[in-house]
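*Asks:* So the chains spell out like this:
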Amino acid sequence: MIFFLDELVSEGAAGWPDNIAVIEAETGNSITYKELAKSVEALSAQILRKGLKKGQRVGILSPNSILFICVYFAISRAGGIAVPFNHTLDSLDIAREAKDCGLSAIYAGKPLKEKAEAIREEVRSIRFIIEDEKKALQTERRVRPKGTDPVSIIYTSGTTRRPLGVMLSHRNLISNNTSIVKYLSLTADDKILSVLPFYYIYGLSLLFSHFLAGGTVIIDNRFMYPSVVLDTINKYRATGFAGVSSHYAILLYKTDFNKRKFPTLRYLMQAGDRMPSHLTKKLTETFSDKKLYIAYGQTEASPRMTYLNPDLVKVKPNSIGRAIPDVKIKVVNIDGKECNVGRKGEIIARGENVMLGYWNNKKETSKTIKKGWLYTGDMAYRDRDGDLFIVGRRKNFIKTGAHRVNPLEIEDVVIENNNIMEAAVVGAGDDILGKRLKLFVLLVPGKKISPNEIIKFCKNRLPPYKVPSEVVILQSMPKNSFGKIDKKELRIR
Amino acid sequence: MNDIKSEIKKFIIDNYLRGAEDAQLSYDDSFLEKGIIDSIGVIELTSFIQEKYGIKIEVAEIIPENFDTLNNLERYTTKKLKK
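Sequence order for the protein chains is A and B. When we follow our numbering, the leftmost residue of the first sequence carries the number 1, and every step to the right adds one. When we follow our numbering, the leftmost residue of the second sequence carries the number 494, and every step to the right adds one.
These aren't lab readings, by the way, just hints derived from the structure by calculation. A few of these clues could be false.
Stated by the list, open to error - Pulled from the structure, derived: some chain A residues nowhere near chain B, Cβ distances all over 12 Å: (1) 146; (2) 266; (3) 465.
What the hints assert, rightly or not - Derived coverage of chain B by chain A (criterion: at least 3 residues anywhere in the stretch with Cβ under 8 Å from a Cβ of chain A; other residues may be distant): (4) 498 to 507; (5) 549 to 560.
Every value quoted in this text rests on a predicted model; they were computed, and no experiment measured them. We put the beta carbon where it would ideally sit given N, CA and C, even for glycine.
From just these sequences and the hints, can you work out the full model?
*Replies:* Take a look at the structure:
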């Protein structure tokens, strides 16, 4: 029985010492469970020697790599809380999150040392930088946390303007990944190709679930060259591939994915956003010999909540299926009462996978977790068989590619421009991204600015994935009866 | 030939490196290692080069050896233009 997250590695070393735990496709480097356990012990000893106390937060700024994994588990072993950052963000954006959680230390992968120094200058609480540890050091006694102690904070877009850190415990992550192992029937022979970054919970869940089964995680960060990644599947004999729907759109429409053969591949998994049914159909037609798992989750649920039985994908391509093992799901109306078949309501979830709460933010936590139930903000209905279909979001996020974007954040930036009076961002349909960002603006009377100039203004102030791809200048902004911008109206324009 | 490099450099700075100075992207910087462009970005960059230089880029040619630095891109584009 595993109680602490780092035991995924130590128990892996005990059960499958010589199994390959991780392969880096780009370099060809690999590490066995036994070797990984030694590296984790050495790094954990270094972290403790530098004075990390139980519960202190340690940032990780690195693309997916063997070292990322060593550091993550070493932080857990040392009793700390790992905070993987989106390393593609600007150092100031990362510093905002680092300040929010009072970061004590940071690890930076090779190309990101300068960025880590820039963050350190902004965040006074950072006392030390973790170095790559090559030498086998004497193992120091680990700090024993409780299973309910937080082991990771994952930052996500909130409804507020401040960063929202989802606190996940050892128990949250172990429980959810035990369920994932069950429904995917993972074994020590499984090898997942991970193109998803570990700073997102979806990427981390691939890592944890395969470690739990004694399987192998193949890291390939080169999805910008999708054909290279397809070569990796066959080169390392991957049995699984996981992506968001834009990964599949790129593979199906921009590569020879559908002409190739992947003899070792057992399944494909899609989660993280809603897959358009034309993609689901094309995938099932092209790869009729592979299982396609459509799954649903969110960071606050560690992340997995439901999956669709692969046998039903052709019949119900728009469904997210039913609750995974050990998770309870209900669809409830505004009064909290369970909805009848076919009636729309909010998805709520309960189980050991439900987060501890948002870091240092009781207000948002109490809005999201009520009487032990996680209120997801996703609206759905259940069919007669009990399978769920999402119809929209109660909370106003936009999923674009693998990112969850809060439109408020973009609108705030846009109205800083002196020529713009009002701004509203909505998600518009996009074959590749699922949703792209469309910005509507109302100009200050007498002022002029072009859509291209507005996009340029955004580019200078926002990370690329938050920059709207289309700008529409309106003569008047539609408003509802409360005087608020009518986004429903804008979505159909 | 410097034109190709500087035109592509301008496209990358304008689209993926908000507010960066010209000097912050060198001709040998790996887009992959520095996390400059993601998968969607490469598709946009491919379209830009195809339209700008009137060449047809095959899927199998979108690999790091051709695309991962400004120097690689210039070499690749020049070779395609000669064909």
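*Asks:* So, for every hint listed, does it hold in this structure?
*Replies:* The hints, checked one at a time:
Every beta carbon of chain B lies more than 12 Å from that of residue 146 of chain A, the smallest distance being close to 36 Å; the non-interface claim holds. Residue-level check passed: residue 266 of chain A sits 24 Å from the nearest beta carbon of chain B, beyond 12 Å. The claim that residue 465 of chain A is not at the interface with chain B is violated, since a C-beta of that chain comes within 12 Å of its own (minimum 8 Å). Counting residues of the region 498 to 507 of chain B whose beta-carbon sits less than 8 Å from any beta-carbon of chain A gives 1, not enough to reach three: the coverage restraint is violated.
Counting residues of the region 549 to 560 of chain B whose beta-carbon sits less than 8 Å from any beta-carbon of chain A gives 6, enough to reach three: the coverage restraint holds.
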